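Q: Protein chains in written order, with our numbering: chain A, -8 to 243; chain B, 60 to 489; chain C, -15 to 489.
Take the hints with a grain of salt, since some may be wrong.
Which residues of chain A face chain B? A few of them, derived with a C-beta cut under 8 Å, are [stated by the list, open to error]:
1. V88
2. Q153
3. L157
4. P189
Read the hints as simulated data drawn from the structure, not as lab findings. Please read all numbers here as calculations on a predicted model, not as lab measurements. Using N, Cα and C, we set each Cβ at its ideal position, and we do this for glycine too.
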Amino acid sequence: MLSIENLHASVEDGESTREILKGLDLEIWPGEVHAIMGPNGAGKSTLGHIIAGKDGYDVTEGTISFNDENLLEMAPEERAAAGIFLAFQYPVEVPGVATMTFLKAALNAQREARGEKALSTPEFMKAVKTAADKLGVKQEMLRRPINVGFSGGEKKRNEIMQMALLQPKLAVLDETDSGLDIDALRIVSEGVNSLRSPERSFLVITHYQRLLDYIVPDHVHVLAGGRIVRSGGPELAKELEERGYAEFLEAA
Amino acid sequence: MSAAQTEAERTLAALFESRSASFTKAPIDAARADAFRRFAANGLPHRRVEAYKYTDLKARLRRLPEPAGPADNARVAATLAAHPPLQEGATRVLIANGRYHGAIGETIGGIRIASLLGEGAETEGVGTLVAASDDPLTLANVGLFEGGVSIHVDAPSARPLEIVHVANDESLVMGRIAVFVAPGASANVVERVIGGRDAVLNTLAELTIAEGARVDWIRIADGASEASTDLSSLHVRVAERGRLEHLTVSTGLGLARAQAFAHVAGDEADVNFRAATVAIGKRHADNTLVLRHDALNSTSSEVFRSAVGDGGTAIVQGRILVAPGAQKTDARMMSNALFLDETGEVVNKPELEIFADDVQCGHGATSGDLDEEMVFYLRARGVPEVSARRLLAEAFVVEALERVTDEALQDKLADHLRGALDVMGGKTWS
Amino acid sequence: MPAVQETIDRVAAIDVDKYKYGFVTDIESEKAPKGLSEEVIAFISAKKGEPEWMLAWRLEAYKRWKTMTEPEWAMVDYPPIDYDSIYYYAAPKGTSAPKSLDEVDPELLRTYEKLGIPLKEQEILAGVRKQGEPSDLDEIAGDAPYSRVAVDAVFDSVSVVTTFKDELAKAGVIFCSISEAVREHPELVQKYLGTVVPTSDNFFATLNSAVFTDGSFVYVPPGVRCPMELSTYFRINEQNTGQFERTLIIADKGAYVSYLEGCTAPQRDDNQLHAAVVELIALDDAEIKYSTVQNWYPGDAEGKGGIYNFVTKRGDCRGARSKISWTQVETGSAITWKYPSCILRGDDSRGEFYSIAISNGRQQIDSGTKMIHLGKNTSSRIISKGISAGRSSNTYRGLVRANPKAKNARNYTQCDSLLIGDKCAAITIPYVESRTGTAQFEHEATTSKISDDQLFYCRARGIGEEEAVALIVNGFVRDVIQQLPMEFAVEAQKLIGVSLEGSVG
C-alpha cells in the first residue's frame, strides 16, 4: 500500500539547508498498523508532513508510492482523495469556516475526485452524526468554526472524527496522544480501533509507548537521526519504554 | 474658493446659486448658506487634507454629472419591483433622486415618516448633529441637498425599515435622512442604493439614539458601474445606555467612501461598527470612522474586513477619541485586510487619541495573503486548493457579519459577499 | 527577582530635584550676527574653511528653504519661531582647533561632570585613565564586559575633542567632525551627503543643510567591524544658539558600527531651536546600530524655556542584507518632532525602531518612524513605548509602506501607551500601506494606565508610590531598554525615574 524507499528530505533553515530524513525505508501493507517511535527531533513529524504533501520540505532523494502511484507528484488534496489522511499534531484554527461547511466541502471534493456522487444533505448529516457520536463530538462543536476555541483534547477528537467520516485507506496519526488526558485517550483510541479493517492501514507516530497500549501495532519502528534504526513487534515499544532512546541517539 | 477651482467645483457653485433662490426662512434652510460657504472655502477635499489623504476627491471627481430632477414614478416603481426588500415585511422608505417619494406625513407601524422639504415637512432637530461638522462632504450636502426624509421611531419596532436610494443614471444626487429614535425605542434599518450607473451620490444621515434606545443599521454600498460614486456620511449621537449596531457592506464597482461620525455622549452607551468590503478591479472602497467617547463607562468595538484583488483598493481609517473625563472607556478596533492576489492596495490608518487615563483602548491592523497553514489543512482533507482559498476568503469577509441578528438577512448578505468575490473569477482562485 | 531589586535600588539612589542639568557654562563665544542670510552662511562656511562646493550646496539649500513653510501637521503647539532672532553660529572661544586633551578648557570638563556624562567617558576625557584600562565604575554596569567608547564631544557647535582617533585609524575607521571630513575626505562627503535626506526633504532638514555647524562623520571600510562604540554628546549652551548638527555615517560592505548619542542642555528662559539631520548608509551586508538618549531641558512647570527639537534622522539600507537599527530614549525637550526612519532598498535588508518616549509637565512629543519597503524580502520591526504624565502630550506617528516590488515584505509593529494622570494625552497615528499582496503587515497598539492592582501590589511590599511607578514603567519599557548598549541602559533607566518625578500623588 505505502512504500517508502531511501527517502532523503531537508528543510530550508534561514540561509542553510538542514537534512532531516536521511534514507528512510518503510513498507506498509493493507490492514497493518505501524508505529513510528523516536526521540524528539528525529524527523517523525516531518515524515507525516511529507506523506500528506506539506510545503517547505525538499525531497532530495528516494520515492514514496501509494498503491503504485507516485505520491510525491500529487497535490495534498489528490493524496486525500486517494485515501491518505493526516491527523495533525497541532490542528490549525480556521476562523469563520464552520466545521460542518468544511466537512461537507472535504467529503464531497474527495467523492468527486473519485468519480462518486456528492452526498445529499440528509445523507451527509447522517454520516457526520454517526462519526460524531462515536467520538463524543457534540453537535454544538460542529457548528463552531474549525478548531476555534476547542481545547487540545477536543481538537484531537475532532481529527479522529474527521477520519471516521472520510474513511481513508491510510491514516497517519501524528502524536495524536500528546495533550490528551486518560479519558480522551481512551475515546480517541476506541475511535481508531473501530476503524481498523483488513483494507485500512495506520501509521501511528508517537513519542510514548502509552498510546500503543490502546492501539496495538503490528510493527514498531524506531526513527532516529533520520532513518529507521530498528524494527520489531509490539514488544519493541515496551523495551523502549524501559530503556529510553539513549542508545539510538548515540547510534545516530 | 481656492485658485485652482475644478469644473466639478464650479458645477457645485452653480447648483448652490440656483437652489438658494428657493431657500425659505425655515431653520433648515438658514443653515445652508453658511454650510456651503464653508465647503466652498476649501472646495472638494484632496490628498493634502489629512482625512482625505487616500481618497482624493478633487482629483477623482474632476467633473460632475448634471443634478437629477424629480424621478419618474413608473421607472422608480419598476426598479423597486425588481429589487424586493432584503428583510421580509420591511417598510420601504424611498428616496428617489434625493427626494422623498411617499405620502406626506405617513405613519406606518408606529414609525412617523415625513419629508424634509416642502409641504408638511418635519424638520425639528434636523441639523443638530452636523452643526459643528467641518467635513466637506457633510457641508456640501447640508448646503445642496434636494430633499429627503425625517423618521421618528417612538417605540420598540418589530418591523424593519428599508431606506432605498434610487438615482438616475449619470446624475448628481444629494439626499438627506434624519432619524430620531426615542428613549427605549428600537429600530432596525437597512439602507441601500439601487441602480444609478455613473451617478454621483453624496448622502447624509443623522441618527439620534436617545436613552436606552437601540438601532441596528446596515448600509449596503454596491457600486453600479466603474464611474459610479457613492459617498455617504452618517452622523450619530448615542445617549445614555443607548446602543448602535452598525454594518457597512461595500462591494461592486467605482468609488465609495462610507463615513461615520459617532458621538458617544451618554454613560454606558455601546456602539459597534462592522464593515465587510470586497474591492476588486478599479473599486476604491474607503471606510472612515471618527468615534468620540465623551461619557463614562462607554464601550465601542470595530471590526473591518477587507478583501482586495485585481488591483482594487481598500482604505480603512478609524479614529477613536477619548475625551477628557471619559473614564472607564473600553474601545477596541481591528482591521484585517486580505489580498486575493498580488495586486491592489490596502491602507490601514487606525488612530487613538486618548485624553483620559482610566481606559482600555487598543487597535490592531493586519494585511497580507492567506495563512498557508490553513490552506494546507483544508487541502489535506481533500478540498482542492482553489476551493480552499475561496472558502477561506469567503469566511474572512463574512465574519464581519457576526453581529447581524436577523439570520435570514445575515445569509443574504453572506451570499451577496460571495457573489462579489466571484468577480475575481478563475483569476484569483487558481 | 534580583533584576527588579536592582531597578529599585537604582531608582531609589537617584537624588535629583526636577532637572539637574540646568546651569550655564561661562565660556565666551564667537558668534555670527543674529538671523540668516547668504552672508551668514558664507561666514559659517569660511569659519570652517570649507571648499567652494560645500558653500554652493548650502546656498542652494538656503534658496529652497526660503520658499518653504514650517510644517503644521504634527500634534505639537508652540509660539511661532522667529528665525531672524537666532544665532546660527557660535564657537567656544579658543577651541577652534584643539590638538589634544590638554587644550580642553577645564571649565568644559567641569561641565561634563555636572552633566552626568557617564563617568567612564569623563575619566577618559579628563585623562584620569587611558583607554582600555579597567575602571572602578564597572560595577555599575553589572557583570557586563568592559567596553570602550570613543567620544566626539560637541560643545555648542564645534567639535572640541576627539578621542580614540588613533586606534580607529588603525582599523581604517574614519571618525571625525563633519567639518573636518569636508576638508579631509571631500570625496566621501560629496558622494554620500544629502543622499538619504536630500536638501529639499523638509523645512527643518533644508534649514539644517544651509546652516549646519558641526556634527559627526563616520566611515567604516568594507569588512571592518568598528572596534568600539562611537559616542557623541550634544549640548546646547550658548543662549539663543540654534543647534544644527549634521551627522553622516557610512558602513561600507560587510562593515558594522554602533553609534551612541546622548544629550543634555542647560536651563534657559528662551526656547531653543534644534534641527539636526542624521544620515545613515548601509551597503551590502553592513549593519548600523544608532542609539540615542535624549534628555534636553524640557522647560519649567509651565512649559517655559524648553528645547524645540526638530530632527530628521533617516537610514538607507542601500545594500542587500544590510541592517539599520534605531533605538531611542526620549525624555527631554519641550517639543520633540522626530521620526528616525529606514529605507529598505536592498533585497533582504532589515530595519528596526525601538523607542521609549516619556513626556511630563507640558512636554509635547510627536515621534515615530517610517519603514519604507522597496526591496524583496525586506523586514522591519517597530516597538514603541510611550508614557504620558502631567499635562503632556505624547504622539506616536508611524508609517509602514510596501511598494509593489517589495515582494514578501514583513513588518511587525507594537505600539503601547501608558497614561499617568488624567490631564495628559496619548495619541497613536499609524499609517500602514501595502501595495503588494505578498507583504505581511501586523500592527498592534494599546493604551492603558498603570493598573491599580500592580501599584497596590508594589506598595503592599513596602515600595513608595513614586518608586513603584518607576518600577512598573521600567517593566513596561523593558523590550526597548534591552536594545541599548549597557552604559546607556543604566543611564536610561535612571532617566525614566527622574523624568516621572512628581507625576503621581
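Q: May I ask which of the numbered hints given earlier this structure violates, with the numbers listed in increasing order?
A: 4
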